Amino acid sequence: MYVYRSHDQQLLNERVAQFRDQTRRYLDGQLSDDEFLPLRLQNGLYIQRYAPMLRVSVPYGMLSSTQLRALARVARQWDKGYCHVSTRQNIQYNWPALEDVPDILAALADVEMHAIQTSGNCIRNVTTDEFAGINGKEIEDPRPWCEIIRQWATFNPEFAYLPRKFKIAVNAVPDEDPALIGVHDIGVQVLQRDGETGFRVLAGGGLGRTPMTGEVIGEFVPWPDLLAYLEAILRVYNKYGNRDNKYKARIKILVKALGAEKFRALTEAEFAELKDGPMTLTAEEVDAMRSHFSAPAYDAIDDQPPALQDALASDKAFNRWYHTNVTRHRQAGYAAVTLTLKKTGRAPGDITDEELEAVADLADQFSFGEARTTHQQNMVLGDVRQDQLFTLWQRLDALGFATPNLKLLTDLVACPGGDFCSLANAKSLPIAEEIQRHFEDMDYLHDLGPIDVNISGCMNACGHHHIGHIGILGVDKKGREYYQITLGGRGDKTSRIGEKLGPSFDTEQVVPIIARLIDLYVEQRQPGEQFIDTYERLGIDPFKERAYATDH
Amino acid sequence: MPQIIKDGVVVEDTWIHLSNEQIEQDGLPDSGDVIVPLSVWQAQKEVLLKRDGAVGVCLAPGEEPAAIAADLPRLSLVAVSFPAFKDGRGYSYARELRTRYGYKGEIRAVGDVLRDQLFYMHRVGFNAFAVRADRDIHDALNGLKDFSVTYQGDANDPRPIYRR
Numbered sequence: 310m311y312v313y314r315s316h317d318q319q320l321l322n323e324r325v326a327q328f329r330d331q332t333r334r335y336l337d338g339q340l341s342d343d344e345f346l347p348l349r350l351q352n353g354l355y356i357q358r359y360a361p362m363l364r365v366s367v368p369y370g371m372l373s374s375t376q377l378r379a380l381a382r383v384a385r386q387w388d389k390g391y392c393h394v395s396t397r398q399n400i401q402y403n404w405p406a407l408e409d410v411p412d413i414l415a416a417l418a419d420v421e422m423h424a425i426q427t428s429g430n431c432i433r434n435v436t437t438d439e440f441a442g443i444n445g446k447e448i449e450d451p452r453p454w455c456e457i458i459r460q461w462a463t464f465n466p467e468f469a470y471l472p473r474k475f476k477i478a479v480n481a482v483p484d485e486d487p488a489l490i491g492v493h494d495i496g497v498q499v500l501q502r503d504g505e506t507g508f509r510v511l512a513g514g515g516l517g518r519t520p521m522t523g524e525v526i527g528e529f530v531p532w533p534d535l536l537a538y539l540e541a542i543l544r545v546y547n548k549y550g551n552r553d554n555k556y557k558a559r560i561k562i563l564v565k566a567l568g569a570e571k572f573r574a575l576t577e578a579e580f581a582e583l584k585d586g587p588m589t590l591t592a593e594e595v596d597a598m599r600s601h602f603s604a605p606a607y608d609a610i611d612d613q614p615p616a617l618q619d620a621l622a623s624d625k626a627f628n629r630w631y632h633t634n635v636t637r638h639r640q641a642g643y644a645a646v647t648l649t650l651k652k653t654g655r656a657p658g659d660i661t662d663e664e665l666e667a668v669a670d671l672a673d674q675f676s677f678g679e680a681r682t683t684h685q686q687n688m689v690l691g692d693v694r695q696d697q698l699f700t701l702w703q704r705l706d707a708l709g710f711a712t713p714n715l716k717l718l719t720d721l722v723a724c725p726g727g728d729f730c731s732l733a734n735a736k737s738l739p740i741a742e743e744i745q746r747h748f749e750d751m752d753y754l755h756d757l758g759p760i761d762v763n764i765s766g767c768m769n770a771c772g773h774h775h776i777g778h779i780g781i782l783g784v785d786k787k788g789r790e791y792y793q794i795t796l797g798g799r800g801d802k803t804s805r806i807g808e809k810l811g812p813s814f815d816t817e818q819v820v821p822i823i824a825r826l827i828d829l830y831v832e833q834r835q836p837g838e839q840f841i842d843t844y845e846r847l848g849i850d851p852f853k854e855r856a857y858a859t860d861h
Numbered sequence: 006m007p008q009i010i011k012d013g014v015v016v017e018d019t020w021i022h023l024s025n026e027q028i029e030q031d032g033l034p035d036s037g038d039v040i041v042p043l044s045v046w047q048a049q050k051e052v053l054l055k056r057d058g059a060v061g062v063c064l065a066p067g068e069e070p071a072a073i074a075a076d077l078p079r080l081s082l083v084a085v086s087f088p089a090f091k092d093g094r095g096y097s098y099a100r101e102l103r104t105r106y107g108y109k110g111e112i113r114a115v116g117d118v119l120r121d122q123l124f125y126m127h128r129v130g131f132n133a134f135a136v137r138a139d140r141d142i143h144d145a146l147n148g149l150k151d152f153s154v155t156y157q158g159d160a161n162d163p164r165p166i167y168r169r
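Respectively, the protein sequence lines represent chains D and X.
310 is the number of the first residue of the first sequence in this note's numbering; add one for each residue after it.
6 is the number of the first residue of the second sequence in this note's numbering; add one for each residue after it.
So here's chain D without its partners, still in its complex pose:
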């Protein structure tokens, strides 16, 4: 992974000093609430329902075991002993005290971590496929490009006061969208043409109040021009994005209002000026970045070693876990293992200090000292020898991280919701828990197959409800919590916005309605069809009919 050079560390130390001084001036009354607001947000600090929330950046989801241990220490020393993996691969703390935040940032800076631009109307953390660099289907490792973009975006002086937040994701897998680039403000698709790397650049995707998928703005941007092209898009957005109404301020609204043609013309005009200028990437810089992500010292071993085959044949539980939670690796003899952070009764994505330390130990022992966070609020050990999978599984099982439910209905994604977040209209965690309890039968779950369920407590869509096969959105109706259900969203092979089922449901109706939708799928599915396939074949009407039928 990326290892800081001395200037990176210097910058981080200066940031800690800057924020320490800003916090002091705020507490002294020299900075008003309004003036401190964007400063703290650009350092990931929200004021939430009970306490501030601090969002720590995990660039494109990569964590070292040293960083995991530091996150554990922060959770123990300054929070209530746990933290939360967010849907943009970041780590959130829900209970730090405002005056402690400079010390927390200093502790994080010691392990090359920070909270820079994890919130606010600026360029946020760059995200990618959680299997980046190990996914056999990818064209090349997207992480060097992510890091190049991260550095360009970090404290970019021109784009710190954008109309609204701005999220960039990079994907290097053809014909799939594991990084959800279709629903990002900018999506970067790595391509290759005649042996040269380039990028298809999408703009104007996003979830939130007006969900939409992005438009292709640049068909093929040669790699030396990547940053110049991104800068051109950002400049157009900074100048022309709506600043009067925050609900119309995302770039998606601008792209929609202008139309892709006009937006492209404005971008190309800016780009023409930047092209071949000093922003042009150099082969040396790209090579230097690539060298940070070179493959670890893999052993020369074969796929499906006898130790694995024996364990698969003799242990049913291991076998089941292997088929759900283990992902193919580009390197022979290795595999990627997903730890689902979806224990029933606990907020999806939550992890305690001791668990973080346990994951750090496992990363050291089994995966070259690295782990990854996923946008589905899980963690990944990316480089595990196949002949060690059984041993690792036993260790994970003891920790409660071997629930074989990856991508199944109970591996659901949820924002913290009304229990923590002051923006939320409704709670999301109790709904998540009820669903997990209702569908706890593992045989049934496996029979149902992959189903993405995403829950957001409000329009801001932190739980990505629009792209869930089943999406659940909390809404407020005259002070009561209701839930709107959408179907057919996708965040897998492609990014697609789900369709509303109909009028929203009372809290206690949510699980029974989902059970009806699942029943219909089971009745109607054809051999080999997943929930989303059946939905796409049948359309929404039969699901609507079933959900609102009065004879049930």
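There could be a bad hint or two in this list.
On the chain D side, residues computed to face chain X include the following (Cβ under 10 angstroms) [stated by the list, open to error]:
{"id": "1", "residue": "324"}
{"id": "2", "residue": "330"}
{"id": "3", "residue": "430"}
{"id": "4", "residue": "463"}
{"id": "5", "residue": "469"}
To be clear, the hints were calculated from the coordinates, so they are not data collected in a lab.
Model, not experiment: these values are computed from the prediction.
Built from N, CA and C at the ideal position, the CB exists for glycine as well.
Once you've looked at the hints, dock chain X against the given chain D.
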């Protein structure tokens, strides 16, 4: 006389910054350097240039540098106003003035101009800052020194870190 930060030091401000209302009411002063709104400049270019004193134009959000691109050789100063510091359009305007139009004169940030934005403002091309009157201008000066490391090129040095 009010003070501003210019080229890294606190100096007396020798310019008279006029609003539309002031000009409508009292007309233009006979002499002295004046900063006028874009609309006044566009309507009274010749009058302004014949006066005894230099002319600066103030761009509000939504008024892009393109509107004065041809006039830049005749302008000693361009002010960019920030009615609210969170409106970041002015950052792109300053950057364009320097890099697209090669403007070498003073670019001054006016309005809601505060210490914690100065570092970025300086990087996009502002070299003068009319810090909000209720704030300590000497304290604001510290904002120019927040960081010694930058990744991107900027208006002062176009080379990103990988070309330095």
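A quick look at each hint next to the structure:
1. For residue 324/D, the interface hint holds, since its Cβ comes within 10 angstroms of a Cβ in chain X; the closest pair sits about 8 angstroms apart.
2. This hint holds: residue 330/D has a C-beta 8 angstroms from the nearest C-beta of chain X, less than the 10 angstroms allowed.
3. Taken as an interface hint, residue 430/D checks out: its beta carbon lies about 7 angstroms from the nearest beta carbon of chain X, inside 10 angstroms.
4. Taken as an interface hint, residue 463/D checks out: its beta carbon lies about 6 angstroms from the nearest beta carbon of chain X, inside 10 angstroms.
5. Nearest Cβ of chain X to the Cβ of residue 469/D: about 5 angstroms, under the 10 angstroms cut. The hint holds.
Checked against the numbered hints above, the structure breaks none of them.
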